[in-house]
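Engineer: Read off the chains here:
There are 2 protein chains.
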Amino acid sequence: MKKTASLKTLLNPDKIAVIGASKSKDKVGGIIFKRLLDSRRRLFPVNPKETAIEGHKVSPNIQSLPDDIDLAVITISAAAAVKSVESCIKKGIPNYIIVAGGFGEVGEEGKELEERLRKLAKDNNVNILGPNSLGIFLPDENIDTIFVEHADKALDRKGKVAVIVQSGSVGVEALGYASNTGYGMRAFIGLGNKCDLDEIDFLDFFAKDVNTNCLGFYLENIEKGRQFLAAAKEVTKEKPVVILKAGRTHTAVSAVSSHTGKLAGSDNVISGALKQFGIQRVYDDEEFCDATKVLSMLSGAPGNRVAVLTAAGGYGVMCTDYIEKKEMRALLTMAKLSENTKKKIKDATFPFTACENPVDITASADDRMFSESLDALIEDKGVDVIICIAFFAPPGITENLIDIIAEKTKKSEKPVIVFTKYGPFTDNSIKNLFYAGVVAYPSIGRAVRAARFLVERTKIKQRLDQEV
Amino acid sequence: MKKTASLKTLLNPDKIAVIGASKSKDKVGGIIFKRLLDSRRRLFPVNPKETAIEGHKVSPNIQSLPDDIDLAVITISAAAAVKSVESCIKKGIPNYIIVAGGFGEVGEEGKELEERLRKLAKDNNVNILGPNSLGIFLPDENIDTIFVEHADKALDRKGKVAVIVQSGSVGVEALGYASNTGYGMRAFIGLGNKCDLDEIDFLDFFAKDVNTNCLGFYLENIEKGRQFLAAAKEVTKEKPVVILKAGRTHTAVSAVSSHTGKLAGSDNVISGALKQFGIQRVYDDEEFCDATKVLSMLSGAPGNRVAVLTAAGGYGVMCTDYIEKKEMRALLTMAKLSENTKKKIKDATFPFTACENPVDITASADDRMFSESLDALIEDKGVDVIICIAFFAPPGITENLIDIIAEKTKKSEKPVIVFTKYGPFTDNSIKNLFYAGVVAYPSIGRAVRAARFLVERTKIKQRLDQEV
Numbered sequence: 001m002k003k004t005a006s007l008k009t010l011l012n013p014d015k016i017a018v019i020g021a022s023k024s025k026d027k028v029g030g031i032i033f034k035r036l037l038d039s040r041r042r043l044f045p046v047n048p049k050e051t052a053i054e055g056h057k058v059s060p061n062i063q064s065l066p067d068d069i070d071l072a073v074i075t076i077s078a079a080a081a082v083k084s085v086e087s088c089i090k091k092g093i094p095n096y097i098i099v100a101g102g103f104g105e106v107g108e109e110g111k112e113l114e115e116r117l118r119k120l121a122k123d124n125n126v127n128i129l130g131p132n133s134l135g136i137f138l139p140d141e142n143i144d145t146i147f148v149e150h151a152d153k154a155l156d157r158k159g160k161v162a163v164i165v166q167s168g169s170v171g172v173e174a175l176g177y178a179s180n181t182g183y184g185m186r187a188f189i190g191l192g193n194k195c196d197l198d199e200i201d202f203l204d205f206f207a208k209d210v211n212t213n214c215l216g217f218y219l220e221n222i223e224k225g226r227q228f229l230a231a232a233k234e235v236t237k238e239k240p241v242v243i244l245k246a247g248r249t250h251t252a253v254s255a256v257s258s259h260t261g262k263l264a265g266s267d268n269v270i271s272g273a274l275k276q277f278g279i280q281r282v283y284d285d286e287e288f289c290d291a292t293k294v295l296s297m298l299s300g301a302p303g304n305r306v307a308v309l310t311a312a313g314g315y316g317v318m319c320t321d322y323i324e325k326k327e328m329r330a331l332l333t334m335a336k337l338s339e340n341t342k343k344k345i346k347d348a349t350f351p352f353t354a355c356e357n358p359v360d361i362t363a364s365a366d367d368r369m370f371s372e373s374l375d376a377l378i379e380d381k382g383v384d385v386i387i388c389i390a391f392f393a394p395p396g397i398t399e400n401l402i403d404i405i406a407e408k409t410k411k412s413e414k415p416v417i418v419f420t421k422y423g424p425f426t427d428n429s430i431k432n433l434f435y436a437g438v439v440a441y442p443s444i445g446r447a448v449r450a451a452r453f454l455v456e457r458t459k460i461k462q463r464l465d466q467e468v
Numbered sequence: 001m002k003k004t005a006s007l008k009t010l011l012n013p014d015k016i017a018v019i020g021a022s023k024s025k026d027k028v029g030g031i032i033f034k035r036l037l038d039s040r041r042r043l044f045p046v047n048p049k050e051t052a053i054e055g056h057k058v059s060p061n062i063q064s065l066p067d068d069i070d071l072a073v074i075t076i077s078a079a080a081a082v083k084s085v086e087s088c089i090k091k092g093i094p095n096y097i098i099v100a101g102g103f104g105e106v107g108e109e110g111k112e113l114e115e116r117l118r119k120l121a122k123d124n125n126v127n128i129l130g131p132n133s134l135g136i137f138l139p140d141e142n143i144d145t146i147f148v149e150h151a152d153k154a155l156d157r158k159g160k161v162a163v164i165v166q167s168g169s170v171g172v173e174a175l176g177y178a179s180n181t182g183y184g185m186r187a188f189i190g191l192g193n194k195c196d197l198d199e200i201d202f203l204d205f206f207a208k209d210v211n212t213n214c215l216g217f218y219l220e221n222i223e224k225g226r227q228f229l230a231a232a233k234e235v236t237k238e239k240p241v242v243i244l245k246a247g248r249t250h251t252a253v254s255a256v257s258s259h260t261g262k263l264a265g266s267d268n269v270i271s272g273a274l275k276q277f278g279i280q281r282v283y284d285d286e287e288f289c290d291a292t293k294v295l296s297m298l299s300g301a302p303g304n305r306v307a308v309l310t311a312a313g314g315y316g317v318m319c320t321d322y323i324e325k326k327e328m329r330a331l332l333t334m335a336k337l338s339e340n341t342k343k344k345i346k347d348a349t350f351p352f353t354a355c356e357n358p359v360d361i362t363a364s365a366d367d368r369m370f371s372e373s374l375d376a377l378i379e380d381k382g383v384d385v386i387i388c389i390a391f392f393a394p395p396g397i398t399e400n401l402i403d404i405i406a407e408k409t410k411k412s413e414k415p416v417i418v419f420t421k422y423g424p425f426t427d428n429s430i431k432n433l434f435y436a437g438v439v440a441y442p443s444i445g446r447a448v449r450a451a452r453f454l455v456e457r458t459k460i461k462q463r464l465d466q467e468v
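Each protein sequence line maps, in turn, to chains A and B. Under the working numbering, think of the first position of the first sequence as 1, with each following residue one higher. Under the working numbering, think of the first position of the second sequence as 1, with each following residue one higher.
Please note that the accuracy of each hint is not assured.
Unchecked claim - 25 Å max Cα-Cα, derived PhoX-like pairs, lysine-lysine:
| # | chain 1 | residue 1 | chain 2 | residue 2 |
| --- | --- | --- | --- | --- |
| 1 | A | Lys325 | B | Lys346 |
| 2 | B | Lys49 | B | Lys25 |
| 3 | B | Lys111 | B | Lys57 |
| 4 | A | Lys326 | B | Lys325 |
| 5 | B | Lys431 | A | Lys431 |
| 6 | B | Lys275 | A | Lys326 |
| 7 | B | Lys27 | A | Lys326 |
| 8 | B | Lys325 | A | Lys325 |
| 9 | B | Lys15 | B | Lys27 |
| 10 | B | Lys111 | A | Lys346 |
| 11 | B | Lys49 | A | Lys325 |
| 12 | A | Lys111 | B | Lys346 |
| 13 | B | Lys325 | A | Lys275 |
| 14 | B | Lys111 | B | Lys34 |
What the hints assert, rightly or not - Computed footprint of chain B on chain A; a stretch qualifies when at least three of its residues, placed anywhere within it, have a C-beta under 8 Å from a C-beta of chain B:
| # | segment |
| --- | --- |
| 15 | 170 to 180 |
| 16 | 405 to 418 |
As the list claims (entries may be wrong) - The calculated label-pair distances, taken between Cβ atoms and stated as ranges, are:
| # | chain 1 | residue 1 | chain 2 | residue 2 | range |
| --- | --- | --- | --- | --- | --- |
| 17 | A | Glu399 | B | Glu467 | 29 to 35 Å |
| 18 | A | Lys336 | B | Ser64 | 55 to 61 Å |
| 19 | A | Pro302 | B | Lys411 | 54 to 60 Å |
| 20 | A | Gly107 | B | Glu327 | 36 to 42 Å |
| 21 | A | Asn340 | B | Lys119 | 41 to 47 Å |
| 22 | A | Phe350 | B | Asn428 | 58 to 64 Å |
In short, the hints are calculated from the structure, not lab data. Just so you know, even glycine gets a beta-carbon here, dropped at the ideal spot from N, CA and C.
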């Protein structure tokens, strides 16, 4: 039975045809086929020059494929890709991922090819992702068509961030970096040239997806700006939406035009509109990953009063600097601790503990002292967000601190964000915190910035709720 | 023959007594003794309870030590440490490192002990580093007395940055982190409570040290402020001086007071004075390491016009945003490339290459194209600094790019700073660039900030030269 086009089947297909599948690990068609072998789906390689690949019978042409294919992944080059889509449509295949470049981004001839694809999609009611798409990657579904090397080892199963990127390298490099320290990814979508499917389609899809709780976009141009913003505004009522849209300055805007071949639009207008519609904007890939990570793992902050707990006094001071620095994003303030809180911390630690915020329990502290001090801060009604500076160098602090913080953050309504460093073990330390459900960053600036994202998110949510 | 006190022998001693040396790897005296075994110096452990440690005969007491010891490392606790210094002075030992805490930072009794040490140093003309000192670490001299775990694997032999820190954890954690990606350290000095030796002594020493080309201080309080600044001003004429001094805001300044037990002073006054005297101030440990790394590896920037070379268009745009952002530190501007430069790049790459700055040679670029485009930018008289966005994902780009960039940066007067990411290989990728002599960072913001440090440094140098 022929299937109908839908993102659900595109992203979670039963039967996948790989047009241009290859034995060679150096070819795109070889890399993608190999990745899909892990998908536990039925694969149908097509290649006139092969008869078998990895135990799969190869069809010499598209006509000889079965009638109920869900998705065709087209790995061959531009002109041939367009022809193969025509054949696949005759065969009744409803969903496509087109990997090849050489379309609208390289000149007139490519533009014509891309226009043919656009028309094919429209006239035949099929879904086309791309061309020039990096592919899709959904860890929970075991679906991975991304042909460049990418880090997935530290991506969490049951991750909840949908990452939708227009351009390849930014997305892949950013995620590779994020995954070094743990990142909960629900899906990675490479939009490419957007001849058919675009950011609005995936916004709608992941807004409704129960496994997604945060949507992140890297967009170089937003063609249907008004429509996208209107749709996004509805989504932000329920789920945070983050956009990495570079091109803040005049020169940068010109650079966007020459990179995408499209007019990028005045940045002031974009910025104002994003703000109005409750979309949180970021300016580089690190900020993108940091923001989506914290927004996915913690559900906002009741206010902007931050308490800092540290066993290394110097870092407490640096952290205070960052918290009180004026930033365009949400303002933060140092919480004023209650007398009761201070007493509890002194009782739990030392008579000489500096109990004004930042709370410095000194390098003589141990796990229990850290734990009880954290309890006191969580219970203080004057504290909205807690930043824990967790080092493992002091002799009394052990890796059990990870579980201690994890247990408390699970129970507490108040967000706890950790800053940690651990010499050459830093990345693993953050990853272990991540596996335990704790958001951590390797620099003070990034930990404090994460608190700003949470406060900003809560304000947006409150404003949108009031408008209703 | 008895030795006289000098920093030279303290930092590079021939004969070292370890008071409280132990067999146990869990004791400070055990850890330090073990580290010093690698120093290829003559060691003299002292411990009444041991007879031999690792093939070294143990002296039961200080009196039985030889007469020509250069340095005593005191690993025993506060009150006992003071008594042992008294005995060592009778024995004629000129230099001391005192590791134990429990002095001025914990209350009246500790303050008295510290005062006794201060008096001992003054009356007997000996050098005391500490108490509460983390120790010293000089990679080229194989001297390491640091008792907490620290990363040294990626520290460069022949490193040129002298790192002088008041508080332990900040220094060690920062360096551990920096060393993950390569860091050229000449020396690490833990000042501790500064009962005798302080920042001014080490400023003077490393200013004259031919193997040091950059001095970095982490200070929580500057007691002899005027004297330090006057001395530092002389140094900055020749070598960049960076200070991490947290406590920018009012709350942060209070926190400094409670952490160090000393008045921290108005931050505005400090900031103004540092600026006037040509000292480059930073606000956290990551910035500290990033700044000293670039200032040590590159010798300033002739101007503030930056060219960006990228094979990933999106990153070029983000980088432009960072460059044109107004920052309190030196302003940067996007360089306007000459017609000749643009022609050279187009000839070396593709007719469709976006040759306005940022120069985007696209993911179809290869090593040769990157290399020739970089040449064209280096030769352009309108360019002062170059930021290379170097990714290894595009099929035409190989790890040879590291050598290509290294070769050019060695020849060129113009600073080249690299931003790179490489999935889980990021740290190693930056480390390999470092070993090849290239400064690289894993985020755009940090790469651009490094360019600001260079431009700031050159401006300071020009101003101080004019004053002469």
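Engineer: What hints, given by number in increasing order, does this structure fail?
Structural biologist: Numbers 1, 3, 7, 11, 14, 16, 17, 22, in rising order.
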